[in-house]
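In numbering that gives the first Met the number 0, the protein residues as written are 0 to 273.
In short, the hints are calculated from the structure, not lab data.
Just so you know, nobody snuck in bad clues.
Only pairs whose alpha carbons sit at most 25 Å apart, straight line, appear in this in silico DMTMM-like list of lysine to aspartate or glutamate:
(1) 182 with 236
(2) 97 with 119
(3) 24 with 236
(4) 97 with 176
(5) 228 with 152
(6) 239 with 146
(7) 228 with 252
(8) 42 with 176
(9) 161 with 65
(10) 228 with 192
(11) 264 with 166
(12) 233 with 141
(13) 239 with 166
(14) 239 with 252
(15) 264 with 252
(16) 239 with 152
(17) 42 with 30
(18) 217 with 127
(19) 264 with 65
(20) 120 with 8
(21) 228 with 146
(22) 239 with 29
(23) 239 with 128
(24) 182 with 35
(25) 257 with 127
(26) 246 with 128
(27) 228 with 138
Derived CB-CB ranges, DEER-like:
(28) 260 with 64: 25 to 33 Å
(29) 258 with 231: 19 to 27 Å
(30) 120 with 21: 24 to 32 Å
All residues carry an ideal CB built from backbone N, CA and C; glycine is no exception.
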Amino acid sequence: MNEIPVELEFQPVNLCFEEFHKLDKQCFRDEPMSSESFNRCVKSGFWTVFCERQLIGYSHINLTPDIAWIARIAVVTNYRNRGIGNMLMEAMLKYCRKVNRTTVILYVQQDNSAAVHLYEKHGFQISEESFQYIIPIFDFIEERESDVGIRFDALPISEISKALRPEFPLQWSNLSESHNPPKMYVLVFRVADNQQVGYCRLVPTFPGCFPFELSSPKRYLSIALISLKPFLSKQYEILKLTFANPKIAHACDSLGFKLNYRLYKMTATIQTGS
0 MNEIPVELEF QPVNLCFEEF HKLDKQCFRD EPMSSESFNR CVKSGFWTVF
50 CERQLIGYSH INLTPDIAWI ARIAVVTNYR NRGIGNMLME AMLKYCRKVN
100 RTTVILYVQQ DNSAAVHLYE KHGFQISEES FQYIIPIFDF IEERESDVGI
150 RFDALPISEI SKALRPEFPL QWSNLSESHN PPKMYVLVFR VADNQQVGYC
200 RLVPTFPGCF PFELSSPKRY LSIALISLKP FLSKQYEILK LTFANPKIAH
250 ACDSLGFKLN YRLYKMTATI QTGS
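Sequences and hints are given; from them, build the entire structure.
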């Protein structure tokens, strides 16, 4: 590591979106954070790194009641391999100890070997593989002949009594609280006799779904995607569908959808002290 004068700041009060967006767009070209998301995130688990008054890196972590989720870590190209990523990781893990989160997760593209190595260095191990597919939601998703006659509903979770809501896994234990129309929807998929066959969290401005869970995807995937159309704006041509179920990946392949990338879910268990 080459020593450089840097300043690490938690919840920076003077960082403007324009300055942040310039860095964010360089590091996450296809998925930059919106100004609304930035304004929300910067007030929570958010760190910046400055060098000579220039923003060179940032990280953000989400907390749920049970786990911590490293959502983003970014360093501009010219300052990589100089210890900035390690500095941000150490700050986030120290924060997790402080707030008593022993399980920390993150997602990383499988072909990003440098990032995978960084996370492994800090105790993370691969715990799951996921997929992201690109769905041309308005151009090609039409009702198939086999879908005719199937009653399939995508219902906002606010319309379903708490007793009848799905049992979300630990990672998504607070998913119901994410429902915030029209910025974000948590939807439950149902067929005849109120049988639940899946759920998703849909962000219309991304636009994308994560998580996306569906039983019998070979039978229900196309009709489930059709049911999402009313919640989306036609200004976007695609929907990014992210999930871990390989059966959904097979269904996407059979419908001719494009695989955008594969992801590793990585998990670390940390000690919070006595």
